[in-house]
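In order, the protein sequences belong to chains Y and G.
Numbered by the numbering used here, the letters in the first sequence go through residues 262 to 399 in order.
Numbered by the numbering used here, the letters in the second sequence go through residues 411 to 716 in order.
By construction, these hints were calculated from the structure, which means they are not laboratory data.
Since the model is a prediction, treat every value here as computed from it, not as a measurement.
Each statement offered as a hint is correct.
25 Å max Cα-Cα, derived DMTMM-like pairs, lysine to aspartate or glutamate: (1) G/Lys521 x G/Glu582; (2) Y/Lys335 x Y/Glu322; (3) Y/Lys335 x G/Asp592; (4) Y/Lys335 x G/Asp591; (5) Y/Lys335 x Y/Glu265; (6) G/Lys521 x G/Glu546; (7) G/Lys538 x G/Glu509; (8) G/Lys521 x Y/Glu307; (9) G/Lys521 x G/Asp591.
Which residues of chain Y face chain G? A few of them, derived with a C-beta cut under 7 Å, are: (10) Gly271; (11) Gly272; (12) Ser273; (13) Glu307; (14) Val310; (15) Ile311; (16) Asn312; (17) Pro313; (18) Asn314.
Label pairs and their in silico Cβ distance ranges: (19) Y/Ser273 x G/His600: 18 to 24 Å; (20) G/Pro651 x Y/Gln332: 45 to 51 Å; (21) Y/Glu386 x G/Glu660: 39 to 45 Å; (22) Y/Ser269 x G/Ile698: 17 to 23 Å; (23) G/Gly532 x Y/Pro373: 55 to 61 Å.
Beta carbons are placed, not taken as given, at the ideal position from N, Cα and C, and that holds for glycine.
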Amino acid sequence: MALEFHISPGGSVPIYRQITDQINHAVLAGHLQSGDALPSVRALAETLVINPNTVARAYGELVRDGVLESQQGKAVTVAPRRQKYTKAERLRRLEPALQAFVSAALLLGFTPAEIGAMVERRLAEFASRTPGKGDGRD
Amino acid sequence: MTDPVIQTQGLTRYFGGKCALDSLTLSVPRGCVFAFVGRNGSGKSTTIRMLMGLLQATRGGARVLGYDCAILAPEARGRIGYLAEGHDLYNWMTVAQLEAFQAPFFPHWNKALFDAVIEHFGLSRSAKARHLSRGERAGLALALTLAPDPELLILDDPALGLDPLARRALLEAMVYVTRRDDRTIFFSSHLLADVERVADHIAILDQSVLRAACSVETFRRCVRQFVLQFPGRPPTLPEMPEILESFSAEREVRVTLANATQQTLSRLAELSAAPLREVPLSLEDAVISLLSRRKQRGFFLQEVAS
Numbered sequence: 262m263a264l265e266f267h268i269s270p271g272g273s274v275p276i277y278r279q280i281t282d283q284i285n286h287a288v289l290a291g292h293l294q295s296g297d298a299l300p301s302v303r304a305l306a307e308t309l310v311i312n313p314n315t316v317a318r319a320y321g322e323l324v325r326d327g328v329l330e331s332q333q334g335k336a337v338t339v340a341p342r343r344q345k346y347t348k349a350e351r352l353r354r355l356e357p358a359l360q361a362f363v364s365a366a367l368l369l370g371f372t373p374a375e376i377g378a379m380v381e382r383r384l385a386e387f388a389s390r391t392p393g394k395g396d397g398r399d
Numbered sequence: 411m412t413d414p415v416i417q418t419q420g421l422t423r424y425f426g427g428k429c430a431l432d433s434l435t436l437s438v439p440r441g442c443v444f445a446f447v448g449r450n451g452s453g454k455s456t457t458i459r460m461l462m463g464l465l466q467a468t469r470g471g472a473r474v475l476g477y478d479c480a481i482l483a484p485e486a487r488g489r490i491g492y493l494a495e496g497h498d499l500y501n502w503m504t505v506a507q508l509e510a511f512q513a514p515f516f517p518h519w520n521k522a523l524f525d526a527v528i529e530h531f532g533l534s535r536s537a538k539a540r541h542l543s544r545g546e547r548a549g550l551a552l553a554l555t556l557a558p559d560p561e562l563l564i565l566d567d568p569a570l571g572l573d574p575l576a577r578r579a580l581l582e583a584m585v586y587v588t589r590r591d592d593r594t595i596f597f598s599s600h601l602l603a604d605v606e607r608v609a610d611h612i613a614i615l616d617q618s619v620l621r622a623a624c625s626v627e628t629f630r631r632c633v634r635q636f637v638l639q640f641p642g643r644p645p646t647l648p649e650m651p652e653i654l655e656s657f658s659a660e661r662e663v664r665v666t667l668a669n670a671t672q673q674t675l676s677r678l679a680e681l682s683a684a685p686l687r688e689v690p691l692s693l694e695d696a697v698i699s700l701l702s703r704r705k706q707r708g709f710f711l712q713e714v715a716s
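With the sequences and hints as input, model every part of the structure.
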C-alpha cells in the first residue's frame with residue numbers, strides 16, 4: 262500500500278531519521294505489512310526531492326534493525342516481524358520513550374489508573390488494526 | 411576511493427592587501443553533491459572563479475577533473491557546467507536563440523534535457539531573456555548549463571533570489587543529475603534546509619578560512635548543544651577549546667560544543683547540578699554556532715579517519 266512520507270528539512274531531526282521513524286511507525290500501526298514493497302531509493306529520493314544516499318541510509322538502517330529486507334535486484338520489502346534484540350536491549354531502547362511518556366502524563370495531572378487505561382486503550386487500537394499477528398518466523 | 415574531481419592546495423587570493431581566500435585545501439570526491447557554505451564575502455565566489463580559471467591565484471593552486479585551473483583547456487571547460495552567480499544571460503536573445511547559440515560549443519548537447527528543464531520552469535521558447543522573471547532566468551541558465559551533460563556542475567549560489575517554486579525546481583534538477591552516479595555537483599548556498607536536502611558533503615568558509623569539510627552527517631554529529639543546570643546564578647565556565655559558544659540564563663548555561671569527547675562531557679557534567687541535557691540542533695543552528703566563534707581560527711571539523 263502507498264505510504265505518504267512527510268519530510269521537513271531544517272529541523273533538529275535529520276531527514277534519514279524522519280524516514281526511519283515514519284516507516285517504523287507505519288509498520289507498527291499496520292499500514293505496512295510484512296512483504297509490502299517500499300519505493301525504490303531513486304523513486305523516493307525524487308519524490309521527496311532529497312539526496313538518494315539519505316534514502317539508502319534510512320533503508321540500510323532499517324534492514325540492519327530487521328524491519329526491512331533487501332535482496333539483490335529486488336525491491337526493499339517489509340520483513341516478517343521478529344525479535345532480534347535481547348530483552349535487556351529492548352528495555353534499554355524503550356526506556357527514553359517510557360520516561361518521557363510517564364513524566365508528561367504525571368505532569369499533566371493524570372492519575373496512574375488513568376494512564377494505565379489510556380495505554381490499554383491504545384494497545385487495543387493497534388491490536389485491532391494489525392491482522393496476522395504472529396506471522397513472524399520465530 | 412576514486413580520484414577527486416576538485417582538488418585545491420593552499421589556494422590563496424589577495425585583492426590588494428585584503429585576503430579573500432586563505433590557503434584553501436579542499437578535496438571534492440567524484441559522484442557527490444558538495445555544498446559550499448559561508449557568509450557573504452567569506453571567499454566562496456572567489457574560490458569558484460579560481461576553479462573556473464577566471465581569476466588567478468595569488469598562491470597555491472587547484473585542479474579540476476585533473477587539469478590545472480590556471481590553464482584550463484577548452485576541452486576541460488566543456489566537461490564542466492558552470493552557473494555564475496546572478497544568472498547572466500544575453501538579454502536580447504530568446505530562449506530558443508540562446509540554445510541555438512550555445513549548443514554548437516559543446517560536443518554533446520542534450521536537447522531533450524534542455525527542453526525538459528525549460529518546461530519544468532514553465533518557460534516559452536519564444537520569450538526574450540530580458541522579459542523573464544528571476545526564477546525563469548535561473549531555469550534558463552540552468553537548462554543551458556545542464557544540456558551539455560557536464561561531468562561536474564559548479565553552481566555559484568544558484569538559489570539566490572528564487573521564489574519557493576523555482577527553488578524547488580532547482581533542487582529537483584539537482585537530484586535528477588545524481589541519477590548518474592559519476593556526476594558531481596559543487597554548489598554554494600545560504601539555504602541550509604536545501605543543503606540538508608541534497609548535499610552529501612559540506613565545506614564551511616569563514617572569513618576566508620576553511621572551518622569544516624566533511625559529510626553533512628559528520629558535521630551534525632560533531633556540533634552538539636548541552637544544557638548545564640545550576641541552583642542559582644551560573645558561574646563562568648572554564649575556558650575549554652571545544653566550546654563554540656555559550657549562553658547563560660537564570661539557572662542554566664547552554665553550551666554548543668564541537669568535537670566534544672567523553673572527557674569534555676564529563677568535565678561539564680561535574681560543573682552542572684543536574685545531568686547534562688542534550689538539545690538537538692538543526693543544521694542551521696550548528697552552522698551558526700560554528701561561525702559565531704569569531705576570533706579563534708584554529709578550529710576545524712573534518713572526517714575522522716576510521
